[in-house]
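4 protein chains.
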Amino acid sequence: MNDRPAPDRPVRLTRWEQRTEVPLFAAGLLFLTGYAFRVLTSHEAEPWNDIALILVWSTWLLFLVDYVTRLRLSGLGARFLRVHWLDTLVLLLPLLRPLRMVQVYQAVQRRHDRPRLDLYARVMAYASLTAVLLGFSAALAVYHLEHTAPGASIRTFGDAVWWACATLTTVGYGDATPVTLWGRTVAAGLMACGLALLGAVTGSFSSWLIQVFTREDEKRPPERG
Amino acid sequence: MNDRPAPDRPVRLTRWEQRTEVPLFAAGLLFLTGYAFRVLTSHEAEPWNDIALILVWSTWLLFLVDYVTRLRLSGLGARFLRVHWLDTLVLLLPLLRPLRMVQVYQAVQRRHDRPRLDLYARVMAYASLTAVLLGFSAALAVYHLEHTAPGASIRTFGDAVWWACATLTTVGYGDATPVTLWGRTVAAGLMACGLALLGAVTGSFSSWLIQVFTREDEKRPPERG
Amino acid sequence: MNDRPAPDRPVRLTRWEQRTEVPLFAAGLLFLTGYAFRVLTSHEAEPWNDIALILVWSTWLLFLVDYVTRLRLSGLGARFLRVHWLDTLVLLLPLLRPLRMVQVYQAVQRRHDRPRLDLYARVMAYASLTAVLLGFSAALAVYHLEHTAPGASIRTFGDAVWWACATLTTVGYGDATPVTLWGRTVAAGLMACGLALLGAVTGSFSSWLIQVFTREDEKRPPERG
Amino acid sequence: MNDRPAPDRPVRLTRWEQRTEVPLFAAGLLFLTGYAFRVLTSHEAEPWNDIALILVWSTWLLFLVDYVTRLRLSGLGARFLRVHWLDTLVLLLPLLRPLRMVQVYQAVQRRHDRPRLDLYARVMAYASLTAVLLGFSAALAVYHLEHTAPGASIRTFGDAVWWACATLTTVGYGDATPVTLWGRTVAAGLMACGLALLGAVTGSFSSWLIQVFTREDEKRPPERG
Chain A
1 MNDRPAPDRP VRLTRWEQRT EVPLFAAGLL FLTGYAFRVL TSHEAEPWND
51 IALILVWSTW LLFLVDYVTR LRLSGLGARF LRVHWLDTLV LLLPLLRPLR
101 MVQVYQAVQR RHDRPRLDLY ARVMAYASLT AVLLGFSAAL AVYHLEHTAP
151 GASIRTFGDA VWWACATLTT VGYGDATPVT LWGRTVAAGL MACGLALLGA
201 VTGSFSSWLI QVFTREDEKR PPERG
Chain B
1 MNDRPAPDRP VRLTRWEQRT EVPLFAAGLL FLTGYAFRVL TSHEAEPWND
51 IALILVWSTW LLFLVDYVTR LRLSGLGARF LRVHWLDTLV LLLPLLRPLR
101 MVQVYQAVQR RHDRPRLDLY ARVMAYASLT AVLLGFSAAL AVYHLEHTAP
151 GASIRTFGDA VWWACATLTT VGYGDATPVT LWGRTVAAGL MACGLALLGA
201 VTGSFSSWLI QVFTREDEKR PPERG
Chain C
1 MNDRPAPDRP VRLTRWEQRT EVPLFAAGLL FLTGYAFRVL TSHEAEPWND
51 IALILVWSTW LLFLVDYVTR LRLSGLGARF LRVHWLDTLV LLLPLLRPLR
101 MVQVYQAVQR RHDRPRLDLY ARVMAYASLT AVLLGFSAAL AVYHLEHTAP
151 GASIRTFGDA VWWACATLTT VGYGDATPVT LWGRTVAAGL MACGLALLGA
201 VTGSFSSWLI QVFTREDEKR PPERG
Chain D
1 MNDRPAPDRP VRLTRWEQRT EVPLFAAGLL FLTGYAFRVL TSHEAEPWND
51 IALILVWSTW LLFLVDYVTR LRLSGLGARF LRVHWLDTLV LLLPLLRPLR
101 MVQVYQAVQR RHDRPRLDLY ARVMAYASLT AVLLGFSAAL AVYHLEHTAP
151 GASIRTFGDA VWWACATLTT VGYGDATPVT LWGRTVAAGL MACGLALLGA
201 VTGSFSSWLI QVFTREDEKR PPERG
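Chains as they are written, first to last, in UniProt numbering: chain A, 1 to 225; chain B, 1 to 225; chain C, 1 to 225; chain D, 1 to 225.
Calculated directly from the structure, the hints in this document are not laboratory data. Errors might be hidden in some of the hints.
For each label pair, taking beta carbons as the anchor points, the in silico distance ranges come out as [to be verified]:
id : chain 1 : residue 1 : chain 2 : residue 2 : range
1  : C       : T148      : B       : T156      : 17 to 23 Å
2  : D       : Q211      : C       : D118      : 39 to 45 Å
3  : D       : P23       : A       : L30       : 21 to 27 Å
4  : B       : T14       : D       : Q211      : 34 to 40 Å
5  : A       : L129      : C       : T148      : 48 to 54 Å
Chain C side only, calculated, beta carbon under 10 Å to chain D, not exhaustive [as the list claims (entries may be wrong)]:
id : residue
6  : L92
7  : M124
8  : V171
9  : A188
10 : S207
These numbers were taken from a predicted model, which means no experiment stands behind them. Each residue gets a CB set at the ideal place from its N, CA and C atoms; glycine is no exception.
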């Protein structure tokens with residue numbers, strides 16, 4: 001989000017970011033896997049559960065190391081927190097990691113060096129992937145917070161995913177809704193992020209469709225000459 | 001969706017597609033009719049039911065023949081599955097056939113050679129027709145999956161159509177919602193496709209309205225000269 | 001909707017339309033008033049009720065006269081039904097009259113000859129007025145069809161208006177929803193029309209806001225020169 | 001909203017507005033605080049409650065003074081009510097004050113004279129801040145009107161905030177909905193304003209994302225030369 005080409009940006013920071021982008025994304029997926037495992041399996045005693053816990057904390061440690069390194073390389077000092085507020089937020093709430101996906105996507109594209117997708121297709125791909133990952137994270141978090149609450153309508157992880165779908169698309173049936181304070185806070189965050197992302201998907205699709213139809217017009221020979 | 005003018009595309013493939021487009025669309029409608037008959041009539045014994053079953057399978061066979069022919073003509077081999085992933089998906093889930101309607105629409109237009117609609121009007125026409133067909137297919141599938149489920153709120157086909165309307169427009173009253181896993185999967189697919197299509201309708205209508213008002217401005221003589 | 005400047009359009013038809021536009025709109029409002037009176041007052045015996053009935057039928061007769069006159073003046077014969085399908089629909093369902101409001105709006109503007117509103121403001125004004133009128137008509141029709149149905153959740157006209165608000169904005173709480181076949185048909189129509197109109201309002205507002213902010217930029221002296 | 005550069009606008013009015021903008025916004029926040037205090041604390045006897053009441057009325061008096069001063073300075077007389085209808089509405093319903101925030105935002109920017117945000121970022125910032133403030137005001141008002149109503153589903157202020165979130169984003173679960181006439185009127189107002197504002201957020205985000213991806217394209221060296 002905040003990687004506009006700043007003229008005075010240290011070269012070493014840029015290089016660091018390019019190199020760590022994909023490993024960090026992989027770490028983010030590991031974090032999500034570990035968290036999902038912790039949330040979805042209820043028994044505490046198994047060894048797998050401890051492994052998942054270690055996974056969650058060690059990947060988070062990686063994020064912390066990356067954050068501190070970038071803070072130092074940037075040479076911004078305390079201003080880093082304000083300028084890179086999204087990164088700070090993502091450090092504290094690692095479930096929001098998908099929001100950084102635009103950089104990962106570009107890094108992957110840069111390496112493979114293959115013909116890139118159409119502009120609108122890329123916006124759609126980015127926005128829908130981010131929306132799916134955010135929705136999944138939100139479903140996990142809401143399931144975690146809600147499934148033991150009294151009077152909850154989200155009782156299984158399937159319910160939570162169904163709720164996330166209905167919320168992201170703003171359909172909002174209301175057959176499964178969070179009832180706790182924190183569940184509703186997560187839901188409000190999902191609504192805000194999701195709406196913007198889905199708006200981007202819709203807008204790009206609309207622009208893309210109009211482009212396809214315009215091109216079709218140009219390709220055709222004039223009909224009545 | 002994926003018929004961008006590829007420079008090295010075999011001429012025979014293009015010709016095949018142009019010739020089969022409309023018959024295949026007709027076959028798609030037959031498939032839908034047969035499926036609707038199977039779903040909406042509950043008695044198994046009648047001869048009509050067997051005819052519908054035969055219709056469903058024979059049209060699907062047609063789709064398979066078309067798919068294999070195009071796979072061979074394209075000369076892509078196994079890559080065809082990845083490049084034409086939408087076609088592969090449509091082969092496996094024939095209820096998604098309406099998504100290919102943009103090609104049919106253009107094929108029909110090409111033949112009749114009459115003055116074409118305005119750009120925005122065409123986008124609107126395409127997107128709303130596709131949305132209606134997808135909504136109808138989804139209503140059929142959801143009714144099929146839900147009407148015998150315990151605790152279902154979609155009990156009649158009317159309910160299913162009403163649910164599809166409320167879902168496609170993202171109103172989402174919640175008085176009729178799927179409760180089974182597969183019903184909800186279909187619903188999530190409808191939300192995703194429907195949202196994009198409806199966004200295209202809305203966006204085109206908005207652009208069209210602005211265009212109409214702009215034209216109106218130009219037509220009028222200057223008022224205060 | 002369908003008044004594009006056709007080169008071979010009879011002058012007399014254009015003149016007729018310009019002259020009748022505003023009276024017909026007034027007649028449309030009278031029709032709505034009469035219909036609202038019939039629907040909202042339950043007692044049959046009063047003289048006012050008969051007056052309302054006469055009002056409804058006499059205004060509808062006016063619409064019929066206008067339609068037939070335009071059919072004759074156009075010189076299109078039976079093709080008129082297809083070319084002016086929206087007018088035909090509006091004749092059969094006079095509650096859809098608001099859809100023709102764009103012409104009325106332009107006719108009024110033409111007469112008063114005062115400085116016109118900004119393009120986006122006009123689109124917003126047209127779309128929101130049409131949405132309000134359509135919503136009101138739909139609320140009347142749904143109240144008419146629903147309030148005596150068994151198990152209805154729309155029991156008062158207030159409920160119907162509340163339902164129309166929630167439907168037009170796609171919020172869809174679901175606390176008041178139609179349950180009868182015809183009520184749901186009207187609802188589906190409202191969703192389709194409303195969505196497009198609201199999309200136009202939203203799109204224009206967004207464009208207008210961006211325009212305001214852009215202008216603000218240009219007005220300001222350069223900051224750091 | 002209505003500060004288009006009118007050629008014949010009195011200089012003194014412009015100066016007055018520039019000077020009072022920020023104090024009035026502070027007064028607006030004080031008004032909101034006082035109103036929130038009155039609404040959220042139920043006991044009448046405490047001294048704080050009286051202070052809140054005084055705060056509400058004294059800030060409203062400030063608004064009245066500002067309105068009358070501007071009415072006089074404008075030299076428009078009674079026409080002021082019609083030209084500045086939004087200001088008149090905001091005077092009568094001070095909870096709508098956030099709608100004037102675009103001016104405050106610009107006034108603050110003008111003073112600090114720092115590099116301004118990107119156009120789309122500014123539209124997003126303005127629209128989302130306004131939406132948040134309007135949502136908060138609406139939640140307060142609805143809580144005030146609903147929490148004692150028989151059969152209400154909005155019983156705590158938390159419910160009201162949750163309802164406002166679901167309404168602004170058009171999700172509309174329906175687990176908490178207003179049931180009284182005035183609560184529903186406030187809700188309808190929130191839907192109308194919120195929809196337009198959220199549309200602006202979505203639209204700007206979409207445009208901004210497309211811009212980011214376009215820039216990325218330009219920055220890259222050509223791939224296949």
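Comparing the hints with the structure gives:
| no. | hint | in the structure |
| --- | --- | --- |
| 1 | C/T148 with B/T156: 17 to 23 Å | holds, 21 Å |
| 2 | D/Q211 with C/D118: 39 to 45 Å | violated, 24 Å |
| 3 | D/P23 with A/L30: 21 to 27 Å | violated, 53 Å |
| 4 | B/T14 with D/Q211: 34 to 40 Å | holds, 36 Å |
| 5 | A/L129 with C/T148: 48 to 54 Å | holds, 50 Å |
| 6 | L92 | violated, 30 Å |
| 7 | M124 | holds, 8 Å |
| 8 | V171 | holds, 4 Å |
| 9 | A188 | violated, 18 Å |
| 10 | S207 | holds, 8 Å |
In summary, the numbered hints that this structure violates are 2, 3, 6 and 9.
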